[in-house]
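If you read the sequences in order, they're chains A and B.
Following this note's numbering from start to finish, the first sequence increments by one per residue and tops out at 111.
Following this note's numbering from start to finish, the second sequence increments by one per residue and tops out at 112.
Each hint should be verified, as a subset may be incorrect.
Claimed, not checked - Label pairs and their calculated CB-CB ranges:
(1) A:Asp98 / B:Ser26: 35 to 41 angstroms
(2) B:Glu45 / A:Lys14: 29 to 35 angstroms
(3) A:Asn51 / B:Tyr51: 23 to 29 angstroms
(4) A:Gly85 / B:Pro14: 36 to 42 angstroms
(5) B:Gly41 / A:Arg22: 16 to 22 angstroms
(6) A:Leu55 / B:Pro14: 42 to 48 angstroms
(7) B:Glu3 / A:Leu96: 24 to 30 angstroms
It should be emphasised that the hints constitute simulated quantities derived from the structure, not laboratory data.
Note that CB positions come from ideal geometry on N, CA and C, so glycine has one too.
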Amino acid sequence: DTGVSQDPRHKITKRGQNVTFRCDPISEHNRLYWYRQTLGQGPEFLTYFQNEAQLEKSRLLSDRFSAERPKGSFSTLEIQRTEQGDSAMYLCASSLSDEQFFGPGTRLTVL
Amino acid sequence: QKEVEQNSGPLSVPEGAIASLNCTYSDRGSQSFFWYRQYSGKSPELIMFIYSNGDKEDGRFTAQLNKASQYVSLLIRDSQPSDSATYLCAVRGSGGYNKLIFGAGTRLAVHP
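Produce the entire structure from the sequences given, and follow the hints as far as they go.
Given below as structure tokens:
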């Protein structure tokens, strides 16, 4: 399978805990994006990497969120001190040009 | 005003009919327009993209773009029950990098 992969697929955590998600993009894609989607809404942009550089970050993203792409390949998204409002599907997408292809997502539930 | 607006639906069409899904956007400088299909519990799947005014056809799907009216649509011909899903319109705006701005989606139900 050469598509975008994400791990884990599901995560249940208690409020206040830290969680980390991983995304492996399509191998030749140098652009990587994180989005968040809640029920009944479209995906909402969180952050964008070109190679290892984080070029854009949503102003809606609180300081509890951090993302890395250390070698320009896989990326991690960490949420510190999770809150119930963080419960959502976290989607990773990659692209070589304009068209973005999504991974299966990580569904986060914060109890 | 939302940046990308779609009718939430549900849009119900009989099998074999044409389904017409519409989207309007607010950023007049937007350059690229995408349609994604999302089945319940799954991630979005890219089905069409369009950059220029006019129509673009791919199999049973036709995307239509009118930049003057800031309007993009998706037509699905010969609709099948397997087309029942939420269709997300996404726009790459003129500012920033390549982030996509999504509408909330239109739920399509194709009944036999």
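Structure-based check of all given hints:
In this structure the hint that A:Asp98 and B:Ser26 lie 35 to 41 angstroms apart at CB is violated, the actual value being about 20 angstroms. At roughly 33 angstroms, the beta carbons of B:Glu45 and A:Lys14 sit within the given window of 29 to 35 angstroms. The supplied range of 23 to 29 angstroms is met by A:Asn51 and B:Tyr51, whose beta-carbon atoms lie about 25 angstroms from each other. Checked against the given bound of 36 to 42 angstroms, the beta carbons of A:Gly85 and B:Pro14, roughly 40 angstroms apart, stay inside it.
A hinted range of 16 to 22 angstroms holds for the C-beta pair B:Gly41 and A:Arg22, which are about 21 angstroms apart. At about 46 angstroms, the beta-carbon gap between A:Leu55 and B:Pro14 stays in the expected band of 42 to 48 angstroms. A C-beta distance of roughly 25 angstroms is found between B:Glu3 and A:Leu96, which places it inside the suggested range of 24 to 30 angstroms.
The structure shown violates just one earlier hint, number 1.
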